[in-house]
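**Q** Starting from the structure of chain A, add chain B with the ligands where the hints point.
Protein chains in written order, with this note's numbering: chain A, 1446 to 1692; chain B, 491 to 827.
A hint or two may mislead.
Which residues of chain A face chain B? A partial, calculated answer using Cβ under 7 angstroms [to be verified]: (1) Phe1535; (2) Glu1537; (3) Ala1547.
It should be emphasised that the hints constitute simulated quantities derived from the structure, not laboratory data.
Ideal Cβ positions, reconstructed from N, Cα and C, are used throughout, including at glycine.
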Amino acid sequence: MALFEAHRLHKRFGRRVVLEDISLAFADGRISGIMGPNGAGKTTCFNVLTGRYAPDRGRVVLDGRDIAGKKPHEIARLGVSRSFQMMNLFDEYTARENVAMALPAMRGRGFQMARAAAGIGEIRDAADAALERVGLAGRGDAIAKALSYGERRALEIGVALAAAPRILFLDEPTSGLGTEATARLAELIRRLKGSLAMVLIEHDMRFLFELADEVSVIHWGQVIARGTPDELRRNPWVQRSNLGKLA
Amino acid sequence: MTGRTAPPADRDQARLFPPAMLAALVFFASVPLWIRGVGLYEYIGVEIMIWATYALAYNLTLGQTGLPSFGHGAYFGVGAYAFGLAQHGIAENLWLCLLVAVAAAALAGAAVAAFISHRRGIYFAFMTIAFGQVFWFVAVKWHSVTGGEDGLLKIRRLPVDLGVAAFDVSGNEAFYWLVFAAFALVATGLWRLVNSPFGRVLRAIKQNEARASFVGYDVWLYKFTAFTLSAGLSGFAGALFAQAQQSAFPDVMSLHWSGIVVMMVLVGGGLVSFWGPVVGVAVYFVSRDVIGAATTTWMLWFGLMFMALVLFQPEGIAGAWRHWLARARARLAAAGR
Ligand SMILES: Nc1ncnc2c1ncn2[C@@H]1O[C@H](COP(=O)(O)OP(=O)(O)OP(=O)(O)O)[C@@H](O)[C@H]1O
Ligand SMILES: [Mg+2]
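Next comes chain A alone, as it looks inside the complex:
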C-alpha cells in the first residue's frame, strides 16, 4: 500500500461537480506529478487531500488511516504539508519567524505562555537551517512581504518543509519564476527526493517530466491518463494539448 492514497473522491460545489471520481496513490520517497488544463480540479483535489474541504464521497488514506474529513491542522500534524498556488505567508513576520511557525518544536510549544519565543535557541537554529535549505540563508531577518517574488516562493517551500512532512504537496511551485529560479527549485526537489513523498501540480511540463516518477492527468475532475513521463509523452491527449509540445 502506498503512503498516501485517495479512493474514488467526489466533490461538488453546489450543483457543480468538480471532482468526479478521483483515485490517486503517492508512494513514499517518490515524486508524483499532476497536470491538466485550467479549472480541471487540480487545486480542489489538493484542498480535499489536505483537509480544506471534506470530500462528499470517497476516502483519503494516510499510512492505512482514513483521514477524510479531518481538519487541516490535524492532517498537518500527521505529516502532510503543502504550499499554495496563491502566495500564502505570514506577511508581517520575518522569514525566520515564518519557517519557525511550521517547526514541529514550535507547534508542540504553542500553548507555552510564560517564556519568550525569541529566547528559544533550538527553534532559532532549526528555523535558520530550514531557511538555508531553500537558499535563504542570511535572509532570516527580512520581513516576508519585503522579499522578492522568487524569495517568497522559496520561503513558501521553506515553510512547508520546516514542518518535517512525510508528504509534501506543491501547487504550481514554478509559477512566476524565471528560468534560473526554476532550475534552483528543480535542484532542491532533486536533492529532497527519497526523503519524503512529493506531489507537484505543474503546468511547466519540461520541469515536471524531468522530475516526476509518475504523472497523472486530470481533466473534468477525472484522471484521464496516468503513467511515467515516457509513457505520457506518447499519450494522445498530451500530444494533442498545447502543453505536450513543450515536453
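**A** Then chain B with the ligands, alone, in the frame of chain A:
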C-alpha cells in the same frame, strides 16, 4: 541563543523588562509626585491605570489576534458586578473578590468564545456586539441582583491584606498604588504572553488564519483561549473600576462604551504596538479633562481626532512615533556619514 547577537526587536521580546516597559513603569510610578503640580488630580491617574489595564487586555483580541470584538464592555462589566456581589455576598476579602471577578468574566468570555471562535471578520464582530448587548440587557433588567439603572452601590475599596501587613486604600492616593500595581502586573504578564510561543501563534493567526491551520495549529482553540484570557483580564480591570467608583453601573457594558475602548486602542496604535492601548487611554482621559475644561463638546473634538487618525495615520500614535523615530535615525545615520 547561539552566540550570534540577536536583532534589537528579538532582544526586547526576550526580556521581561525591556526599556519601554521600564520607562512606562517608572513614569506611572512617579505620577503621585507631580500630578497635582500639573493641575490634575490623583483620580485621573486611577482611571488611566484601570482603563490602560482594560485596554491592554482588550488588545489581546483586537491587536494581537486580529479578532474584532466590539462588545468587550460586557466582560469589564461582569467583572465589576461580580466584584461587588462577591463583596456583599461572600466575604470582604480583596483577593477573593478579585478572583471571583476574573473567574466570572473569563467564564462569560469562554461562553461567548465557544459560539464565535469559528468566525472571523465582520461576522465575528457582529456576534460580539450581539452577545455584548445581551449582557448589557441582563445588567439593566435584572434589578434584584444588579440594581438595574440605579447601579450596584456601596462597593468598598477593600484593604490590601498582605498577611504581614494590611493597607487601607480608601483614599485616592493609596488606591492609585493598588491600581498601579495591578497595571504593572498585567502589563508585564501580557508582554511576556504576547512574545511567548503562544503569542507568536496568535499573531500568525491574525496575519493568515488559513496558513496557521495548514502548518498545524488548531486555530479555533487559540482564538477561544485568547478571547477567554482577554475577557478574564478585562473583568479584573472591571473589578478595580467598581472599587474606584464604589459602585457598578450597566453603562460601561453598553455598545457606546465598548466602542470607546476600541477607539482608545486604535488612537494609541494598538494594531501595531503593544503600548498603543496605554497611550490611547492616557490621551483620552487627559483630553477629556483638558479639552473638557474648555468646552463641553470635547467628545466631538476627540471624535474628530479619531477620524483624522483613521484617515491619515491608521497605525495610531504609536505608529506615527515609530515612523518618526525611523526617519530621525535615518537622518542621523546620513549626517554621521
Ligand atoms: N470553493 C469553491 N466554490 C465553488 N467552486 C469552486 C471552489 N473551488 C474551486 N471551484 C471551481 O472548481 C473548478 C476547479 O477549480 P480548481 O482550482 O481546482 O482548478 P485547477 O485545476 O487548480 O485550475 P488552475 O490550473 O487554473 O489552477 C473551477 O471551475 C472552480 O471555479
Ligand atoms: Mg489550481
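**Q** Does each hint hold? Answer for all of them.
**A** Going down the list of hints, with the structure as the test:
1. Given the 7 angstroms rule on beta carbons, the hint for A:Phe1535 holds: about 5 angstroms separates it from the nearest Cβ of chain B.
2. With a least beta-carbon distance of about 5 angstroms to chain B, the hint placing A:Glu1537 at the interface is held under the 7 angstroms criterion.
3. Restraint check, A:Ala1547 versus chain B: the minimum CB separation of about 4 angstroms is within 7 angstroms; hint holds.
Of the hints listed earlier, there is not a single one the structure fails to meet.
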